[in-house]
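Line by line, the protein sequences are chains A and B.
For our numbering, add 121 to where a residue sits in the first sequence, where the first one is 1.
For our numbering, add 157 to where a residue sits in the second sequence, where the first one is 1.
In short, the hints are calculated from the structure, not lab data.
Hints may be right or wrong, so weigh each one.
Just the calculated beta-carbon pair ranges, DEER-fashion [stated by the list, open to error]:
no.	chain 1	residue 1	chain 2	residue 2	range
1	A	400	B	354	40 to 50 Å
2	B	318	A	363	52 to 62 Å
3	A	296	B	439	45 to 55 Å
4	A	444	B	359	39 to 49 Å
5	A	183	B	454	39 to 49 Å
6	A	568	B	225	43 to 53 Å
7	B	243	A	482	51 to 61 Å
8	A	296	B	443	31 to 41 Å
9	A	348	B	424	52 to 62 Å
10	B	315	A	441	27 to 37 Å
11	B	225	A	402	18 to 28 Å
12	B	487	A	449	19 to 29 Å
13	B	428	A	405	18 to 28 Å
Now the stretches of chain B that chain A is said to cover, found in silico as 3 or more residues with beta-carbon under 8 Å [to be verified]:
no.	region
14	162-176
15	180-191
Restricting the straight-line Cα-Cα distance to at most 20 Å, the calculated cross-link-like pairs of lysine to aspartate or glutamate (EDC-like) are [to be verified]:
no.	chain 1	residue 1	chain 2	residue 2
16	B	225	A	400
17	B	232	B	412
18	A	420	A	452
19	B	468	A	400
20	A	399	B	160
Glycine included, each C-beta is placed from N, C-alpha and C at the ideal position.
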Amino acid sequence: MTTQTITKAGTLATALTPAHLRFLESLFPGEGLLTDPTQMAVYGADSSRRAAMPWAVARPRTEEQIVELMKWAEAERMPIVPRLRGTGMSGGAVPAFGGVVLSSLWLNRVRDIDADDFCAEVEPGVITAEFQAQVQQQKLFYPPDPASLKISTLGGNVSTCAGGMRAVKYGVTRDYVLGVRAVLPGGRIVNTGGRTHKNVVGLDLTRLFVGSCGTLGVFTNLTLKLIPLPESSATVLVAYPSLHAALTGARGVFRAGILPTAMEFLDAKACWGISQIKDVPWPKDKTQAVLVLKVDGSKAALAAELDRLEAALASSGPLCLFKGLGAKEEEPLWELRRLVSPASFHLGPDKLGEDVAVPRGKTVEAVEGFQAIGAEQGIHVVCYGHLGDGNTHVNIVYDSKDPDQAARAKKCKEAVFRLTLSLGGTLSGEHGTGITKGPYVPWQLGETERALMAGVKNVFDPTGILNPGKGWV
Amino acid sequence: MADCVLCGCCLEGCPLLAVTGREELSPRAKALLAGPSKWQVGEDAAPLPEADIAALTGLCLACGRCEKLCPQGVKVPQLMAAMRASHPGFKQWLWRQWITNLGPFWSLAARGAALTPEAFVPASLGLALKGLKGLRPGAGLSPWLTITRFPTQAFAAKYADRPVAVFDGCVGNGPRRAWGVAARALLRGLGANVLAQGAAPCFSCCGSTLGVAGLPKDQQDVRRENIAAWRAAGRPLLVTYCATCRKGLADYFAEDAGGDMGLFADADEALLWRAAITPLAALLAGAQAKVARGAPTVVGYHQPCHAALPKELGGGGDADLALLSGLLGARLRTPAKGGCCGFGGILQLGAPELSARVGKVCWNALDARLGFSAAPEVTPAYVLTGCSGCVMQLSATAPADLPGGAKVGHWLEIVR
Chain A
122 MTTQTITKAG TLATALTPAH LRFLESLFPG EGLLTDPTQM AVYGADSSRR AAMPWAVARP
182 RTEEQIVELM KWAEAERMPI VPRLRGTGMS GGAVPAFGGV VLSSLWLNRV RDIDADDFCA
242 EVEPGVITAE FQAQVQQQKL FYPPDPASLK ISTLGGNVST CAGGMRAVKY GVTRDYVLGV
302 RAVLPGGRIV NTGGRTHKNV VGLDLTRLFV GSCGTLGVFT NLTLKLIPLP ESSATVLVAY
362 PSLHAALTGA RGVFRAGILP TAMEFLDAKA CWGISQIKDV PWPKDKTQAV LVLKVDGSKA
422 ALAAELDRLE AALASSGPLC LFKGLGAKEE EPLWELRRLV SPASFHLGPD KLGEDVAVPR
482 GKTVEAVEGF QAIGAEQGIH VVCYGHLGDG NTHVNIVYDS KDPDQAARAK KCKEAVFRLT
542 LSLGGTLSGE HGTGITKGPY VPWQLGETER ALMAGVKNVF DPTGILNPGK GWV
Chain B
158 MADCVLCGCC LEGCPLLAVT GREELSPRAK ALLAGPSKWQ VGEDAAPLPE ADIAALTGLC
218 LACGRCEKLC PQGVKVPQLM AAMRASHPGF KQWLWRQWIT NLGPFWSLAA RGAALTPEAF
278 VPASLGLALK GLKGLRPGAG LSPWLTITRF PTQAFAAKYA DRPVAVFDGC VGNGPRRAWG
338 VAARALLRGL GANVLAQGAA PCFSCCGSTL GVAGLPKDQQ DVRRENIAAW RAAGRPLLVT
398 YCATCRKGLA DYFAEDAGGD MGLFADADEA LLWRAAITPL AALLAGAQAK VARGAPTVVG
458 YHQPCHAALP KELGGGGDAD LALLSGLLGA RLRTPAKGGC CGFGGILQLG APELSARVGK
518 VCWNALDARL GFSAAPEVTP AYVLTGCSGC VMQLSATAPA DLPGGAKVGH WLEIVR
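Generate coordinates for the entire structure from the input sequences, incorporating the hints supplied.
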């Protein structure tokens, strides 16, 4: 596990005093407050594998408690680190600069699902997959589907603007957040947006909150957009003898006028990693790349759409092709794709999980470039991800106990970033910058842009107590 | 064992996390604290106290759902057991918990033995730990199902005259001897060559609870006894009717597949053991039955966490569910999202209130499927399962305010 050097930002509190503790104990009685390091440990870590010990963990059951906490925190200059399931990949939920972790997992009610307004009101701690299952019962659809959807929350997804595989057709979390209710430092409550699908009155504060990594306010309610549930879907998994053939296949699909719901690819190393933890349907010796595509629509239209998809893929010379019609048949195919992130640990004990994105037309160039960087540095570089939208996951796998490997891994990461930026891309498509990519933000954003963002942050959080040191500040 | 990478895949399955929303109870928290790399933050940070870690990580249901979800192969229940075993004060702690929490039930367990803890060690420990709350002696449910056709041909084709032994486990050997009687009657109906008393092996506890409780030596002892008894009886087919016993027995193979850990004579015997373990329900697949008048109109099924085993331990889905679905048809209802009943491991000793909370959620899911609280006069709270631990826990946590009361039992109890 990587350790984190603790530095204190500015004039913030540097520890909890006995008076602080008494306040927290009175506001969060019983199980609502944790101060025992053993119990708090997990609240200091997330899926980035970074960790730092919280000073305390507060678990509100009501918005009023959050309001009181934020009044107190601003007055005391107390860092507050909002947290939900801690499944983020960039250390956004790690209290690397100290402070009180605020776990909103007990705010987990679905307040309303409205099939006429096509919107829902939820608290931040609702598990994304459980929410999707609930809206589906009313034939409604909430499309964002980060790979973590069964374990992550809607609040966490909004904080990071989680992407997912369906982005190519349906967009990302941002496109489904109509409104936010949040508590700001000092205890002010802000309501942005609302239940209308269109709204151009004033600046779009909702968009500011989405992807803000808990740096602007603490969510207490989210208004989400829903759409009608497609009647059915189908999935095709295709294996290829080369990456180039796979990318040719992908291009063929778009040229045929098909907009898939999802279009994912796995490179040779990703395929190998998955084969280490699950039986795989593709020929292990010949497969250099795999494409997984999903289409959705009415049952009647899907059969024809599948034929068109198969025809569009045929000319690219696939090794084999598997089809699944309907969720039950599709799930095993998608399960393979979802396993790739943990599977990469079979190549080495540590990884730098990057999620760069490039303009869609540059994907081939980018992936070939990333693989070349890995070969040059003698480090495993696993590429997979959302081919359809240009967002590529680049896992740099290494052993941190070997200082030479660790240095080469860092060189790889920086070379990947440079190549991405030279292609007009971005350092993070969906994970956010957190602490793992924070230092590289100036590579992408100019001084003017960063100054503007710091100014915006200052309006919401003048004392800088919310998730200090994260993201872009 | 592999190290946790903090990916969080396990969070989906943990019944304790789902019920409490307390992340410190999640498998990830436990793996973080007790896994190979342990929690460490900063080179100068003091290590966390082992005793605190042991206490926190003891709050585990040992349901094994997390290990099925873990892409790294981290086995949190095993990790917890090792932690308990290595913690010097643990045995004393265990006894204290037992005395404090289970005192009122001792008289049931003691069956005339002197009421000193020493009198139970170690043979009765497994029984005692298994949550004595549900062990009220009695006849169980009234039977209402008659098997009218046994799949005798299929049985004969597969097993012919192979000797068959029944593994009863702590509950079938103790307060629910009727299960063993029913199981043997069904086997005779199949035409099986059931070993007669005297020739049949005398089995002990399967050992799974002992292992989870951090008593690996006692566990190894009962495992060796069981294998020796099986060997002496000519390695018969080993029929189980409790999902957790089946898992407990299959774990012998997981531990000593090569035969070099001292359980099995060699790898061949280990394979024979794995192949011998057979759920009774699987042997009855294809049976037909008649429902007597007065049978409940709707019957719930609770799926035990250990109902399905991984391929390397023999695999197979939930044979009890398959059998009951066939026999009871639309009468049988299973919650779409079957939850853990909350019995597991030693949680009842360390944190009975948590165990009860998980049980309540499980009953809510059953209620949502059966509807007994909405219309108690039409729909009874009648639940069958295939695990002795689940029977005890569901009995202990059943809603108390139903006019007709709740009825819980092993499916063997309904067979005439």
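Of the hints given before, which are not true for this structure?
-> 4, 8
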